[in-house]
Amino acid sequence: MTPVEITHPYGGKARRPSWTAILRHTVPLSICLGMLWLLTMVLVAVFADLLRPYGITAMDLSNRLVAPGSTRHWLGTDELGRDVLARLIQSIRVSLVIAFSATILSAFFGTALGFAAAKFRGIVEHIVLVLADFQAALPFLIMSLAVLAFFGSSMTLIVCLMGFYGWERYARIARGLAVSASAQGYASAVVQLGASPFRVYFRHILPNVASTLIVSMTLTFPEIILMESGLSFLGLGVQPPETSLGNMVGFGREYLTRAPWIMLAPATVIMLTTLSISLVGDWLRDKLDPTVR
Amino acid sequence: MVAPLIEAAALSRVYETRRGVFGKVSSVRAVDDVSLKVSPGETLGVVGESGSGKSTLGRLLLGIDPAQHGRVTFEGKPMPTFGTAEWRASRAKMQFIYQDPLAALDRRLTIATQIREPMDIHELFEGSARTDRVAALMAAVGLRHDQANRYPHELSGGQRQRAVIARALATRPKLIVCDEPVSALDVSIQAQVVNMLRDLQDELGLAMVFISHDLKVVRNVANRVAVMYLGRIVEEAPSDMIFASPRHPYTRALVSSVPVPGQPLKGRMILQGEPPNPADRPSGCAFHPRCPFAIELCRASVPELRPVEDLRAAACHLVDSANAPIAA
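Line by line, the protein sequences give chains F and U. Numbering of the first sequence is given in the working numbering, commencing with residue 12 and proceeding in unit increments. Numbering of the second sequence is given in the working numbering, commencing with residue 47 and proceeding in unit increments.
Extracted from the complex, chain F is given alone in its bound form (with noise of 0.2 Å):
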């Protein structure tokens, strides 16, 4: 009897899927690429030090305002000959660093703070909530130049403030749904089980509402970096020779009509970055519900 092969009913043979196209459609492509680019962004600021092709102050004054595509330049030079890869490698480090540490903190706090409103009430609900008002009508560049201003500018200084920004959201969100869940539901369920509230909040609050605090994180996380790049770009946040994204968008303003990718590269990085952060937050929120499954 000669071997039957077995083929798919719709023609062509029933092949085991390679693990790219399991991949590829539990993950849709753009969170694919979205996460990719992540990958990308915290691999270069990982090893910044060894990519980057120059130093960040180095000058090649013979070689000024080069465009991009040059054999030694390959994103081409700023107008001091400072090589525009090396400065925009450095700057991506130092603006994921305030970014990333910028937002959990103000996750931290502003979860925190939500908590402690739901469980104590009363006088510590209100404090928070005067607070998390005050926060919200606060014009947050205002005070940031104020500080920045009167402080002189720091890398701890500028991480710190980017912290305040954004912890009312979180603090609002975080007290709202852990007072719905206590008042009925599962919280209150758990607590008659006899639970220490360490456990409520921990084990079974914080997972419930983590996803909606995750989307407020996607949301913060470009936010900050938007608003260092904006205090940058004013001149009071990452100084030079130091140099973030938002500091280098703002020096290539000036060269803007003659050599704009000292800009572009920046502000690309910059676009590129938030929406990848936005995609797959909004992916991963789902993702991580059960319920949605």
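One or more hints might be untrue.
As a list, the in silico DSBU-like pairs of lysine-lysine whose alpha-carbon atoms are at most 30 Å apart [unchecked claim]:
(1) K139/U to K123/U
(2) K262/U to K130/F
(3) K139/U to K130/F
(4) K130/F to K312/U
These aren't lab readings, by the way, just hints derived from the structure by calculation. Just so you know, these numbers come straight off a predicted model, no measurement behind them.
Please arrange chain U on chain F, whose structure you already have, making use of the hints.
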């Protein structure tokens, strides 16, 4: 007589609501001077209309809501204050079953994790014994073992309520307060869950407080029934007695509304008027505006809950120990 497992003495709970910042404070007496006892292994049914304070009573009994007056004693010891470590530890002995099982379960954890949780909290049973107990509990409430890793939204209403019951039984409690445990379920499922609760109770010797507005269900599970009206118990008697010969006019109206299979509904006593607003209690007996037998005395003074027969207590001026109310 056996010492009662849980005893409530003169419990009252008043909720105050204020309309606007400078509005008038209106107070709602959700539970007013309620005393009751539940012996080990006994089921007390608590029935009444919505707003009669039966759910609040359940929460007061377990100390989830603090009572303003009166006290609750469990196994002879006063109930610890809500939220304290002793209160939390005491949860291993008493549990609460909610009306809506989907709301009572954490939708991000599997059924097995949630049934296991009370054992993790109270550190009962060691390691793999907990896993075994989860399997045993699931079998006891009629859940299949392949449902262990399901999430609450993947189960049907009846299965969710079974999971909630399994979770409540995990610590081997002595008392379970069920707040309308089956009213969110289909009638056919109600019967299954009620029968299951009854079987489990016989098996485990639990005491149960069964709160419901559904007299058919209460008749099926309860040994003794307390009828509540506007926060007060108006009649309390063994189940058979209350359904066979209700004495308080309100109980009579309730019982007459339950159809008996194979018989036309006769002697139906239909109550006039709306259930009164708890924030605006009628004077005297709270039931007098709707009571067909009300006399002047009913408007003036509040009847006390007093024993009228062996095992029966009623709060009505017109019920005395010798005869039924007039026109009965």
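Exercise. Which hints from the list above does the structure break, by number from lowest to highest?
Worked result: 2, 4
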